[in-house]
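Protein chains in written order, with my numbering: chain L, 208 to 487; chain F, 208 to 487; chain D, 208 to 487; chain P, 208 to 487.
Hints were generated in silico from the structure; no laboratory data involved. Keep in mind it's a predicted model, so treat the numbers as computed, not measured. The reader is advised that the hints may include incorrect statements.
A pair counts as met if it fits within one copy or between any two copies, since identical chains are not told apart.
Stated by the list, open to error - Think about it this way: if two alpha-carbon atoms lie no more than 27 Å apart in a straight line, the pair counts; the simulated BS3-like pairs of lysine-lysine are:
id, residue 1, residue 2
1, LYS294, LYS454
2, LYS345, LYS235
3, LYS294, LYS345
4, LYS265, LYS408
5, LYS345, LYS297
6, LYS408, LYS235
Residues per chain, in single letters:
4 protein chains.
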Amino acid sequence: MKNLLAKKDGELLVSRIYQSESTQFEVKSCLIGGEQVMVIAGPCAVESEELLKETAFKVRAAGAAMLRGGAFKPRTSPYSFQGLGEKGLKLLARVGEDMNMPVISEIMDSEDIGLLADYADILQVGARNMQNFALLRKLGQLNKPVVLKRGMSASIEEWLLAAEYILAGGNSQVILCERGVRSSEPWTRNTLDLSAVALVKELSHLPVMVDPSHATGVRSLVSPMARAAIAAGADALMVEVHPQPEKALSDGDQSLTPRGFSTMMRELEPVARALGRRLR
Amino acid sequence: MKNLLAKKDGELLVSRIYQSESTQFEVKSCLIGGEQVMVIAGPCAVESEELLKETAFKVRAAGAAMLRGGAFKPRTSPYSFQGLGEKGLKLLARVGEDMNMPVISEIMDSEDIGLLADYADILQVGARNMQNFALLRKLGQLNKPVVLKRGMSASIEEWLLAAEYILAGGNSQVILCERGVRSSEPWTRNTLDLSAVALVKELSHLPVMVDPSHATGVRSLVSPMARAAIAAGADALMVEVHPQPEKALSDGDQSLTPRGFSTMMRELEPVARALGRRLR
Amino acid sequence: MKNLLAKKDGELLVSRIYQSESTQFEVKSCLIGGEQVMVIAGPCAVESEELLKETAFKVRAAGAAMLRGGAFKPRTSPYSFQGLGEKGLKLLARVGEDMNMPVISEIMDSEDIGLLADYADILQVGARNMQNFALLRKLGQLNKPVVLKRGMSASIEEWLLAAEYILAGGNSQVILCERGVRSSEPWTRNTLDLSAVALVKELSHLPVMVDPSHATGVRSLVSPMARAAIAAGADALMVEVHPQPEKALSDGDQSLTPRGFSTMMRELEPVARALGRRLR
Amino acid sequence: MKNLLAKKDGELLVSRIYQSESTQFEVKSCLIGGEQVMVIAGPCAVESEELLKETAFKVRAAGAAMLRGGAFKPRTSPYSFQGLGEKGLKLLARVGEDMNMPVISEIMDSEDIGLLADYADILQVGARNMQNFALLRKLGQLNKPVVLKRGMSASIEEWLLAAEYILAGGNSQVILCERGVRSSEPWTRNTLDLSAVALVKELSHLPVMVDPSHATGVRSLVSPMARAAIAAGADALMVEVHPQPEKALSDGDQSLTPRGFSTMMRELEPVARALGRRLR
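Next up, chain L with everything else stripped away, as it sits in the complex (with noise of 0.2 Å):
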């Protein structure tokens, strides 16, 4: 790790200098960061309990070990659905416990921490919010494991000083979800930086993610992205699943079908084991 990562008295706690081997936690029975490529799956937002139950029942019997939903969602605009908030937060613990399945929601506002870690087995820390340094050191104090994802136009050492944040609260559960980089390439949303993965894995210790649904924005590719990001070093996958994409309330155009999904995991399968991994 290059000097500018050093702190004036030691390494980083990120840092695989401080901390060789690579960082491993449970959340449930699931164990991030070992063998196993994770693989989280869900609607952009929790809609309804009958849409959130169907899409959990088909993403877990393709695979998927984890159900993701946001319930208090950031809009670019005030007036796009918000999202259900603390409803939609019960509604996806309720189907979370039913089919066996941690649970992963997005928090927004440091208030509603409490709320969160009433409901939610994960917390993540959105794009927008990655250097949200408020929010940052309050989740330093919490004992949940939280998935922060990488600013829309962060630097690798940014992204890993933000992580520092938590870590130096006391909170050593973090996972670092790259979501794709802010370019001026029309046809997709983000540019998907797969050598961030492989950077980062090299530079830390922490579990890496990545969410190819948000970085593409375009839904034939996210199987491919999700195969290069395994082939990358990815430890965990999170992808967007919604029984009916064009009726979805957000992000409907990168959304897989359950069948896209199934597809998807059949095609993921070789690769992780060609890494000497698996997917479940």
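Guided by the hints, dock chains F, D and P onto chain L, whose structure is given.
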């Protein structure tokens, strides 16, 4: 304003179509958005009463109307100087009062809004929090002006919609601040986007500020970029000044000395007049 | 000038350390790099004698010193209008002579250097060819001024080193032209980087031009960006003007009408004077 | 393929709508675009016969099918090593013949097309010349395969339309090469855009190559990115190998040693098989 900025049932509150006349408001006796180009100056961070007083005295003498100074600093690393907190705010308020200058300081955590509102005349949202929607909503309920800095790689649409979160909450005293966008150019810290100033003045009725110090990160570029900002239509400038930049606890490379600030002000004067405006 | 611009055995020829006084040279009776801010105007492409004459007549009346017009057009698609070629050059040269205006046109192929040199007073290298080193070397052996546009995403160092290829060949009549860098902002075609103008004036003795038309791609932004360019220190401006922009064969959206150009010139005049310069 | 890629009177020649089956062609006995993922290896620049022979012998033994080596080098500075020119081409051709490996080298000047065509089996257009339309047109009249590298910040549409210039001239043996796009990340030289590989395979019938060496600029990232490229659908890889990278005249930091290359090949093999392909 293009369709992408229209909401379903009418125009956005930030739009010039919704409100054709430019927004103006007073901060103590300083009029924002009027004929005068308002110049705000001061150190990046409040460090000590003595340094702050010296800076304030000298920038006021050179023509600055308001005083800036960070008490809560958004730092990439958790181990960098984080600001003096409430103590810094108190110093800033006291010096501002002594010098008869309104003061501006950054809000980083929604929990500190009350504290900031007690001491500062204008609250500043930094680039990293431009899409901290929870914070923006709460600032919408405040009766104080807010400076909204453009995010590192935010589009103009995203920036205006972030302002819309504040206006939609009932607070229409918003100043948009261009501070450079992230680019691949290594020589400057960011790339100052002055076309955004002219464009936003066309699309919106809100006043626009430019921060040439953070935008360039290079002392010698501050004055030429301040001139260009006025020529592009900026209503206000925010400039970092430190009596001993080489000893500043943050951002010394881009800080002007009081003498440099004074020179800059003399260079700005004729440009402002050429645009039919004045510096004070 | 930082070390990265130094060559092993001394300073670069483009450097202000190598040559402290600003480079000036005459094109017919127009002095480039002097007190006057030179304004070059004309259509994106030469389309017909009639349109070119009308444009030249009107822009000269409004104060333009030189005439621009593309005969070989670098078009993204092979099926777009590619320019009139030699016929266009002849028209340009004839109209320039009639109006007593030096003319500038783009060189795309090193095989055409002789042809261009026969008709044009200044040869322009487009952004796409900024690192066409074979072309740059040949232009180094020419005894005519060359405008070197900055590449789409070229760093300032790369731009100056591209100019060095020409100077190293013996041709020191080089004008650097900032025309916007590629960014993720969809509202403007490119992001005009005016800090590059101030920085390059500091690093190099070469004159600097700004092209606000290509930089913004938006007609209403041309005049404010031209003002800001002068305020930032530009020595010349190149502006697209077309009598009927909506019918232009290329780049109509960014072309000013002759009347719009005339208005712009009146707005530029006081800004130039505020900087101690004049338009003519 | 979206409308922006359609020409007025039909589909583009590069489009999968125009031609649904993937383009395949042979270079000597190597089939490009078929089941095999073609691996091209060799030094950045041809430096000496001895080094080239050693490299060729070792990369062939490890499974490389073709040999690369620059004779004309596009260097940012005119004072950097520019390549051995024709002498380098002759060496490359001779070693290629001895080893029974087709050779690939970069064309920088349209005047050298004949020379390149005499010695090289495939001509490569570098990123800086992707929109050197004069060069592309001339390559359209050649009866040799052309590798077209994506420009530093070229959009996918611009890249495909640059290829269209070659196809429109009659040469349909074009290989598209992704080599990273410019970004603000300082840790890697460029940001490898693997979503572009999957997208271009969907939009076009042309074979796609990935250059993980130039894309990352970091030796340790070459192998993971090569794996990810195959997983994303690449038909070919081009990798820099140098027996003594620390002594290389250019790009040593990103060159693999022959031993490192051999390790990479062993790591790629199972990934290729997982995708139903093979390395040789």
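(request) Would you list, in rising numerical order, the hints stated earlier that this structure does not obey? (result) Of the numbered hints given earlier, the structure breaks just one, which is hint 4.
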